[in-house]
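A.B. asks: Sequence order for the protein chains is A and B. Per numbering that gives the first Met the number 0, residue 0 is the first one in the first sequence, and the count goes up by one each step. Per numbering that gives the first Met the number 0, residue 0 is the first one in the second sequence, and the count goes up by one each step.
One should not assume that every hint holds.
Capping the alpha-carbon separation at 27 Å, the derived lysine-lysine pairs in DSSO-like fashion look like this [unchecked claim]:
| hint | chain 1 | residue 1 | chain 2 | residue 2 |
| --- | --- | --- | --- | --- |
| 1 | A | Lys-75 | A | Lys-35 |
| 2 | A | Lys-340 | B | Lys-77 |
| 3 | A | Lys-300 | A | Lys-324 |
| 4 | A | Lys-150 | A | Lys-127 |
| 5 | A | Lys-206 | A | Lys-262 |
| 6 | A | Lys-206 | A | Lys-255 |
| 7 | A | Lys-329 | A | Lys-262 |
| 8 | B | Lys-77 | A | Lys-339 |
| 9 | A | Lys-317 | A | Lys-150 |
| 10 | A | Lys-206 | A | Lys-300 |
| 11 | A | Lys-255 | B | Lys-77 |
| 12 | B | Lys-310 | A | Lys-279 |
| 13 | A | Lys-194 | A | Lys-127 |
| 14 | A | Lys-37 | A | Lys-140 |
| 15 | A | Lys-259 | B | Lys-320 |
| 16 | B | Lys-310 | B | Lys-320 |
| 17 | A | Lys-300 | A | Lys-37 |
| 18 | A | Lys-279 | A | Lys-262 |
| 19 | B | Lys-150 | A | Lys-232 |
| 20 | B | Lys-150 | A | Lys-255 |
| 21 | B | Lys-150 | A | Lys-262 |
Under 8 Å between C-beta atoms, here's a sample of chain B residues computed to sit facing chain A [said to hold, decoys possible]:
| hint | residue |
| --- | --- |
| 22 | Asn-30 |
| 23 | Asn-132 |
| 24 | Asn-192 |
| 25 | Leu-230 |
| 26 | Thr-238 |
| 27 | Arg-278 |
| 28 | Asn-279 |
| 29 | Leu-283 |
| 30 | Ser-287 |
| 31 | Thr-288 |
Covered by chain B, per the in silico footprint, the following chain A stretches (three or more residues, Cβ under 8 Å) [stated by the list, open to error]:
| hint | segment |
| --- | --- |
| 32 | 43 to 54 |
| 33 | 202 to 213 |
| 34 | 217 to 229 |
Hints in this document: simulated from the structure, not taken from any laboratory. In this text the structure is predicted, and so the values were computed from the model without any measurement. For every residue, glycine included, the Cβ atom is placed at its ideal position computed from N, Cα and C.
So you can see what is in the structure, the chains are spelled out below.
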Amino acid sequence: MIKKLTFIVTALAVVFITGCGSNSNNSTDGGDNKTKHKIAYVTNGIDPFWDLCAAGVRQAESELGGVECEIHFPTKGLADQKSIMESLMAKGIAGIAVSPVDADGQTKFLNEIASQTKLITHDADAPKSDRLVYIGTDNYKAGRALGQLVKGAIPDGGEVAIFVGRLEQLNARQRRQGVIDELLDRPSQTLGQIKFDEVAKVFKGEKYTIVDTRTDNFVMDAAKSNAEDAITKYENLACMVGLFAYNPPRCLQAIKEAGKLGKIKVCGFDEDDGLLQAIKDGHAYGTISQQPWNYGYQSVKVLKSILDGDNSLIPPNKFIDLGYKSVTAKNIDSFWSEKKKMAALGAKKD
Amino acid sequence: MNKNTIGILSLFILIFGFTWYSNENFVNGYNMTNLVKWSSLYAIMGIGVAFVIITGGIDLSIGSVIGLVASILALAIKYEWNPTLTVVLLLGLSIVIGLMHGLLITKVKLQPFVVTLCGLLFYRGISRWLTDNQTMQYPDTEGLDSFFSGKVSLADSSFALASPFFFLVLIAIMAAFFLNRTIWGRYLLALGNNEDGARYSGIQTDRLKITAYVICSFLAGVSGLLFAYELDSVQPAQTGEFYELYAIAAAVLGGCSLRGGQGAIFGVIIAAAVIRLLRNSINLVGISTHLEFSIIGLVILGGVTADELIKRIVAKRRSSKN
Numbered sequence: 000m001i002k003k004l005t006f007i008v009t010a011l012a013v014v015f016i017t018g019c020g021s022n023s024n025n026s027t028d029g030g031d032n033k034t035k036h037k038i039a040y041v042t043n044g045i046d047p048f049w050d051l052c053a054a055g056v057r058q059a060e061s062e063l064g065g066v067e068c069e070i071h072f073p074t075k076g077l078a079d080q081k082s083i084m085e086s087l088m089a090k091g092i093a094g095i096a097v098s099p100v101d102a103d104g105q106t107k108f109l110n111e112i113a114s115q116t117k118l119i120t121h122d123a124d125a126p127k128s129d130r131l132v133y134i135g136t137d138n139y140k141a142g143r144a145l146g147q148l149v150k151g152a153i154p155d156g157g158e159v160a161i162f163v164g165r166l167e168q169l170n171a172r173q174r175r176q177g178v179i180d181e182l183l184d185r186p187s188q189t190l191g192q193i194k195f196d197e198v199a200k201v202f203k204g205e206k207y208t209i210v211d212t213r214t215d216n217f218v219m220d221a222a223k224s225n226a227e228d229a230i231t232k233y234e235n236l237a238c239m240v241g242l243f244a245y246n247p248p249r250c251l252q253a254i255k256e257a258g259k260l261g262k263i264k265v266c267g268f269d270e271d272d273g274l275l276q277a278i279k280d281g282h283a284y285g286t287i288s289q290q291p292w293n294y295g296y297q298s299v300k301v302l303k304s305i306l307d308g309d310n311s312l313i314p315p316n317k318f319i320d321l322g323y324k325s326v327t328a329k330n331i332d333s334f335w336s337e338k339k340k341m342a343a344l345g346a347k348k349d
Numbered sequence: 000m001n002k003n004t005i006g007i008l009s010l011f012i013l014i015f016g017f018t019w020y021s022n023e024n025f026v027n028g029y030n031m032t033n034l035v036k037w038s039s040l041y042a043i044m045g046i047g048v049a050f051v052i053i054t055g056g057i058d059l060s061i062g063s064v065i066g067l068v069a070s071i072l073a074l075a076i077k078y079e080w081n082p083t084l085t086v087v088l089l090l091g092l093s094i095v096i097g098l099m100h101g102l103l104i105t106k107v108k109l110q111p112f113v114v115t116l117c118g119l120l121f122y123r124g125i126s127r128w129l130t131d132n133q134t135m136q137y138p139d140t141e142g143l144d145s146f147f148s149g150k151v152s153l154a155d156s157s158f159a160l161a162s163p164f165f166f167l168v169l170i171a172i173m174a175a176f177f178l179n180r181t182i183w184g185r186y187l188l189a190l191g192n193n194e195d196g197a198r199y200s201g202i203q204t205d206r207l208k209i210t211a212y213v214i215c216s217f218l219a220g221v222s223g224l225l226f227a228y229e230l231d232s233v234q235p236a237q238t239g240e241f242y243e244l245y246a247i248a249a250a251v252l253g254g255c256s257l258r259g260g261q262g263a264i265f266g267v268i269i270a271a272a273v274i275r276l277l278r279n280s281i282n283l284v285g286i287s288t289h290l291e292f293s294i295i296g297l298v299i300l301g302g303v304t305a306d307e308l309i310k311r312i313v314a315k316r317r318s319s320k321n
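In isolation and in its complexed conformation, chain A is listed as follows (with noise of 0.2 Å):
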């Protein structure tokens, strides 16, 4: 019995010890790999928008150079961002820009991962965490936007419904405030003090009335029928207001359906296809863009100055404001050749 178990020790020993020189003899193999900086761009799930980003990602790297990126997709929520990131830190990432799934949640796990590598946050913030910096869009002011766009859509007024996939997410909520500020016309709020509304609430302005929010929970067939609701509920229905980027595209298969397309209005935001050509169709009015590709293309490039040792991309706030891009019929055709040359290099694989 004894003979038998030192042969296993002996035998996975020996196997441990060749092992462990094949992977130092790789390392050394690719000298290339040994000026480059690897980093990594963790999204919080899996959709389009992050395949635009993903395409700002490897822009940025090819463009740069010295920076080799790794991007990651958790699919499960919290649990598996956390995963993943603990496995990049296991290898011992130089660099990681992470769009935290509970900001607040995740401040202490956030300050273990910005202990050990440089962490920057991106498309959502985590302020109380130690990280570098922000990447991100003020949701507020690109709610106002959407707000303005709606104002362009319906300009004698009218009643509006919001549509959203949770509002849960910070962003979502912003955005959200953002419009009814704007439709309203109160005076702008500061991001970090804004005072959100009830959501069950019907607000009535001078010209504009917001009737409903309602959420689907990312479920498409429940963003379709909330639109369909809408529209059987409201029969003064002016504007329908989606602020993620499928609930547009459903809203205006209900209109269609309803027979009602051109009589309500479609204001949305980011960038589906479905909503891009019912701009150019006339069927809906606009959208606010936050050119997500920007997101990738930023966040290598600010990981990869801060660690040639250059913080002067950082500023004092620490915030740096992408800001957005409004799209109406003016400018569809620019913005959407671009939207798709950036699809085609973000769907491509490595």
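Please arrange chain B on chain A, whose structure you already have, making use of the hints.
C.D. replies: Frame of chain A, contents of chain B only:
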């Protein structure tokens, strides 16, 4: 009519009346068109899983089969395969999936819960892998669009019957006939009540069980096509997610016992309609969107409890009369 069906029908009428009272637009043609359409889509899944539940089994993979079918369809359209042939192949694929489930459960003697849970994970993964997890759209192809998501308007009204409704009628008639009018249907119920007893009396229980899983996956495949054309878009990671739970809820609420041996097709249809009606009602009455799930859960629980209590009272009276 089955006693369980009367219970669920009363619940349906109650919510219908309440919603109508709260918002008169509820009964307009457009809304009724939508309600019938969504109820039909859910009922088709419910009928499928009802067969499995009658045998005392369960199928957790329905949502993933829907996702897989919808994803492959989108890919096929993208690569310009013959759409009609693709549809036939996909229905074949869902039959094969059901056959695999049935064989693993009866011949390898694995638990239905485990087999179909692994199915849930496996098919979802395959959908995401095949499509690179890209959201895809369905352009109109050779009239298949109007076949699966077309509408037939009724004269002079805004009410129209959508394709899923016609599918449901056909499927429901066939399912009810199979269950109530054929010897196989009676065997299926007997098998659910007492599997050993059924086997000892010479019923080929394995073959029947396999048939039940094949029917279930096949109807999931049909639903996958219908959902795909209804939504004109597929998200490989999300399309169909959790639909099995709605299907199982519809089957159980409609009178199928999870212990097996009981089931009524009409009840399942009404129960699916109740689930959709609740959503519609919550939106139209204007209840906070955050309360949606709680209300659906509470009403279903209330309905099932009331049903159980009424059944007990009736049974008590009957026994005291005797």
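A.B. asks: Going through the numbered hints above, which ones does this structure break? Give me the numbers in ascending order.
C.D. replies: Structure breaks hints 1, 4, 9, 10, 12, 14, 15, 24.
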